[in-house]
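Asker: Protein chains in written order, with our numbering: chain A, 324 to 671; chain B, 164 to 510.
Calculated directly from the structure, the hints in this document are not laboratory data. For glycine and all other residues, C-beta sits at the position ideal for the given N, C-alpha and C. Keep in mind that the hints are not guaranteed to be accurate.
Claimed, not checked - Partial list, derived from the structure: chain B residues whose beta carbon lies under 7 Å from chain A:
#1 233
#2 317
#3 320
#4 325
#5 328
#6 332
#7 335
#8 336
#9 347
#10 349
#11 492
#12 502
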Amino acid sequence: MTAVVAPATIDAVARGRVRRAARRRSVIAVLAVLVVVAFAVTLMVGRTFYPPGDVLRVVLGQEVPGASFTVGRLRLPRAVLAVVAGLAFGLAGVTFQTMLRNPLASPDVIGITSGASAAAAFAIVVLGWSGSAVSVTAIVAALGVAMAIYGLAFKDGVVGTRLILIGIGVAAMSRSLISWVLSEAGAWDFAEALRWLTGSLNGTTWEATVPALVALLVLGPLLLACARQLAALQLGDDTASALGIRVDRTRVVVIVAAVGLLAFATAACGPIAFVSFLAGPIAARIVGPHGSLLLPAALVGALLVLVADLVGQFALGTRYPVGVVTGVLGAPYLIYLIVRTNRAGGSL
Amino acid sequence: MTSTGTAPAPDAALVRRPGPARVLWLLVVLAVLGALLATSVAIGSRGVGWADIVAALGGSSETIGEAAVTKRIPRTALAVVVGAALGLSGAVMQGVTRNPLADPGVLGINMGASLAVVAGFAWFGLFSETAIVWTAIAGAGVAAVFVYAVGSLGRGGPTPLKLALAGAATAAALTSFVTAITLPRGDIAESIQSWEIGGVGGATFDRIGTVLPFLLVGLAVSLLSARSLNSLALGDELAAGLGERVALVRGVAALGSVLLCGAATAVAGPIAFVGLVVPHLCRLLVGVDHRWLLPFSALTGAALLTAADVVGRVVARPGELDVGILTALIGAPFFIWIVRRQKVREL
Numbered sequence: 324m325t326a327v328v329a330p331a332t333i334d335a336v337a338r339g340r341v342r343r344a345a346r347r348r349s350v351i352a353v354l355a356v357l358v359v360v361a362f363a364v365t366l367m368v369g370r371t372f373y374p375p376g377d378v379l380r381v382v383l384g385q386e387v388p389g390a391s392f393t394v395g396r397l398r399l400p401r402a403v404l405a406v407v408a409g410l411a412f413g414l415a416g417v418t419f420q421t422m423l424r425n426p427l428a429s430p431d432v433i434g435i436t437s438g439a440s441a442a443a444a445f446a447i448v449v450l451g452w453s454g455s456a457v458s459v460t461a462i463v464a465a466l467g468v469a470m471a472i473y474g475l476a477f478k479d480g481v482v483g484t485r486l487i488l489i490g491i492g493v494a495a496m497s498r499s500l501i502s503w504v505l506s507e508a509g510a511w512d513f514a515e516a517l518r519w520l521t522g523s524l525n526g527t528t529w530e531a532t533v534p535a536l537v538a539l540l541v542l543g544p545l546l547l548a549c550a551r552q553l554a555a556l557q558l559g560d561d562t563a564s565a566l567g568i569r570v571d572r573t574r575v576v577v578i579v580a581a582v583g584l585l586a587f588a589t590a591a592c593g594p595i596a597f598v599s600f601l602a603g604p605i606a607a608r609i610v611g612p613h614g615s616l617l618l619p620a621a622l623v624g625a626l627l628v629l630v631a632d633l634v635g636q637f638a639l640g641t642r643y644p645v646g647v648v649t650g651v652l653g654a655p656y657l658i659y660l661i662v663r664t665n666r667a668g669g670s671l
Numbered sequence: 164m165t166s167t168g169t170a171p172a173p174d175a176a177l178v179r180r181p182g183p184a185r186v187l188w189l190l191v192v193l194a195v196l197g198a199l200l201a202t203s204v205a206i207g208s209r210g211v212g213w214a215d216i217v218a219a220l221g222g223s224s225e226t227i228g229e230a231a232v233t234k235r236i237p238r239t240a241l242a243v244v245v246g247a248a249l250g251l252s253g254a255v256m257q258g259v260t261r262n263p264l265a266d267p268g269v270l271g272i273n274m275g276a277s278l279a280v281v282a283g284f285a286w287f288g289l290f291s292e293t294a295i296v297w298t299a300i301a302g303a304g305v306a307a308v309f310v311y312a313v314g315s316l317g318r319g320g321p322t323p324l325k326l327a328l329a330g331a332a333t334a335a336a337l338t339s340f341v342t343a344i345t346l347p348r349g350d351i352a353e354s355i356q357s358w359e360i361g362g363v364g365g366a367t368f369d370r371i372g373t374v375l376p377f378l379l380v381g382l383a384v385s386l387l388s389a390r391s392l393n394s395l396a397l398g399d400e401l402a403a404g405l406g407e408r409v410a411l412v413r414g415v416a417a418l419g420s421v422l423l424c425g426a427a428t429a430v431a432g433p434i435a436f437v438g439l440v441v442p443h444l445c446r447l448l449v450g451v452d453h454r455w456l457l458p459f460s461a462l463t464g465a466a467l468l469t470a471a472d473v474v475g476r477v478v479a480r481p482g483e484l485d486v487g488i489l490t491a492l493i494g495a496p497f498f499i500w501i502v503r504r505q506k507v508r509e510l
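So here's chain A without its partners, still in its complex pose:
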C-alpha cells in the first residue's frame, strides 16, 4: 500500500519545495528591486531634484553641468555607502543570530559593533588616521572584542544568555570609551559624537566608501557560500559534524568574515543602530522559515539604511543622521521581542 501512496507524497513534497523555492526567489527579486529603487531615489532627491536621465548619465560617467558635482561627488558615495553598509550589517547580523541561535545575539546588541566604532573613532579623532588604516584598526578591535566576549562567556561551554549579558556590559564599556575619546579630542562635536555612537552617512566621501565596498565584495560572497554549513551548524555541533561539516573551521571562517564586514562598514559610517539586529527577524518574517536567510537579510539591511537615510534627511524637517532613525525604530522592536519571548515563556 505504502508503495502506492509514497510516490504521490513524494510528489507533493517536491512540489511544495519547488513552490517555496519559487516564492523565495520572487521575494528576493522584489527586495532587490526595492533596493535599486531606493538607491535611485537617493540619487535623485535632495536640495535640487535631478531627473532619472541626468542621474543615469552621471553614473555612466558623462559630464552633466551641476548634476556631475551634486550627484557624482555628494550623493553617489553616500548612496553607495548606504547600500554597502546595509548589506554588510544585515549579512553580519543574521550570521551571528543564526550561529548563536538567538535573535538578541546580533553584533550591535552584544557590543562588537561598538567596539569597532570605538577603535575607529580613536584612530580618526585622536591619531588622525584615515582610509584603510582606520579599517584595519576597527577590524582588529572588533575581532578582539568578539574573542573577549566569547572567552568571558565561556564557562563549561557558552550559554547564549550569559553571552548576551556580557555583550551588553562590553557595549556599555565601548560606548563610554567612545565618549572618552571624543572628549579627549577637545571640541565636543555633537555631530561627530553621533556618528560614532549611532552611525551617520553625513559627509560621506569615496575615500571612506571604497574600503567598505571592497570588503563587501570579498567577504560577502564568502559568507553566502557558507550558508549551507551555517544552516547545518544551527542543528548543533554533533549533528553538523555528522553531516560532514568541519564545525570549528566553518565557525572561524564565518566569524572572521562577519566581523570583517561589520568593522569595515563601521569604520566608514559608524555603527548604524540596530540594522544588524532588525534585518534578520524582518527577513525571516517575509521569507518564512525555509532556506537560508543570508541574502534576504542583507537586502533588508540595505533597504533599511537607504529608507532610514531618506526619512532622516527629508521627511522630518530636521536632518537626522540615519542611526537616530534606525535607533528610534529598532529599540522599541527590541523591547517588543523581549515582551513576546517572555510571554511565550521561553527562556530567551
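Using the hints, position chain B against chain A.
Answerer: Leaving out everything else, chain B in the frame of chain A:
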C-alpha cells in the same frame, strides 16, 4: 538554627560579621571618604597652593587659585550627595528585585529620568531647578514600572536576566528618543548639554539645595525599609509568613530608590553603574544585613563618585573627564564579573 550550641556553618562568619568588624569598616570608609573630600578640594585641573586652599575655605575668592578652590567645594559636595544617592538607590533596588544586576543605569531608570527632563525642556519649558527634579523623578518612576513590568512577564517572574535585558533595551530606546528630541532643537541644546554632559562639574549650592529635600525623603524611606528588605531576601512566601505585606513593602522601598536616583539624575545627568558596584563591595565588607548594607552603600557610593570625579579631573588635564564615563569604565567590567559568577540556571 535551632540551638545556639551547634557549630556555625563555614560561611556564617562571612554572613554575620561580628559588630566590631563592622564598626572598624565604618571607620575605614569614613576615613577614606574624608581623605577623598580633602583631595577633591585640593586637586584639580589647576594646581593650587595650600595657602589658597585655606583662604578659600575661609570664604575668600580673590586670587585665581582661591576662586578655583571655591568652585571645587560645591562640586565635591554634589559628588558626595549624588554618589550616596546612587549607591543607596542601587542597594535598595537589588534588595527589592533580589537581582544582583539591578542598578539605576543598567535597568534604564536613569535614562527614563533623562528623557523626561529633555522632553520637559523641549516641549513644556520646564527649565527651573524644581521642575527638573519633579520631571526627573516622574520619568524615573515610569521607567522603573515599565522595565519591571516587561521583565516580570512570563514564567519565573522577574529573573535577573529578563530584568537586565528589559532594562538594556529600554535604555537603548530612551537614548534614541533623547537624541531624536535634542537634535532639531538648537535652542535648548545648551541647556541639555550643561545638564547632561556636565556631570557634577556645574555644581552650585543652589542646585544641591533644590534636590536635597527629595534626597532626604528617599534616604529616610530607604533606610526605614531596611528591616523589611531583610525579610524579602528570604523569598516572598517566607516574608509574608513573617508578617510583611510584601507588595506594599516592595512598592515603598522601590519608591524610595526611584526618588533617590531620579533626584540624582536631575542634578548630575545619567550616571550608570555606581548603584551596581557599590552594594556588591559593601556586601563583602559588612554582609547582607540591609540595616548595615544601606548606610554603607550610601557612604561608599559617595566615596566612589568623589574618587571618580578627582580621577576625571587629573587624567584629562587641562580638561576634565565626565564622571559618568569613568564610572562606566569601572562598572562595566564589574557587571561582566557578576554575570560570570552567577550560575547559569539563575540567569
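Asker: Is the interface hint for residue 328 (chain B) satisfied, with its Cβ closer than 7 Å to some Cβ of chain A?
Answerer: holds, 6 Å
Asker: For the hint on residue 325 (chain B), does the least C-beta distance to chain A fall short of 7 Å?
Answerer: holds, 6 Å
Asker: For the hint on residue 320 (chain B), just tell me whether its beta-carbon gets within less than 7 Å of chain A.
Answerer: Status violated, d = 10 Å.
Asker: Can we keep the residue 336 (chain B) interface hint, with Cβ of chain A closer than 7 Å?
Answerer: Hint on residue 336 (chain B): holds, closest Cβ of chain A at ~3 Å, below 7 Å.
Asker: Against chain A, with CB atoms and a cut of 7 Å, does the hint on residue 349 (chain B) hold up?
Answerer: violated, 9 Å
Asker: Under 7 Å, Cβ to Cβ, is where residue 233 (chain B) needs to be relative to chain A, so tell me if that hint holds or is violated.
Answerer: violated, 25 Å
Asker: Against chain A, run the beta carbon of residue 335 (chain B) and see if the smallest gap drops under 7 Å.
Answerer: holds, 4 Å
Asker: Would the stated hint for residue 502 (chain B) survive a check requiring a Cβ distance to chain A of less than 7 Å?
Answerer: OK, holds: residue 502 (chain B) within 7 Å of chain A, min 5 Å.
Asker: Grab the minimum C-beta distance from residue 492 (chain B) to chain A and call the hint holds if it beats 7 Å, violated otherwise.
Answerer: Hint holds; residue 492 (chain B) Cβ to chain A Cβ min 5 Å, cut 7 Å.
Asker: Is the shortest C-beta separation between residue 317 (chain B) and chain A less than 7 Å?
Answerer: Interface hint status for residue 317 (chain B): holds (4 Å vs cutoff 7 Å).
Asker: For the hint on residue 332 (chain B), does the least C-beta distance to chain A fall short of 7 Å?
Answerer: Check passed: Cβ of residue 332 (chain B) comes within 4 Å of chain A, closer than 7 Å.
Asker: Against chain A, with CB atoms and a cut of 7 Å, does the hint on residue 347 (chain B) hold up?
Answerer: holds, 3 Å
Going down the numbered hints, you'll see the structure goes against 1, 3, 10, while the others check out.
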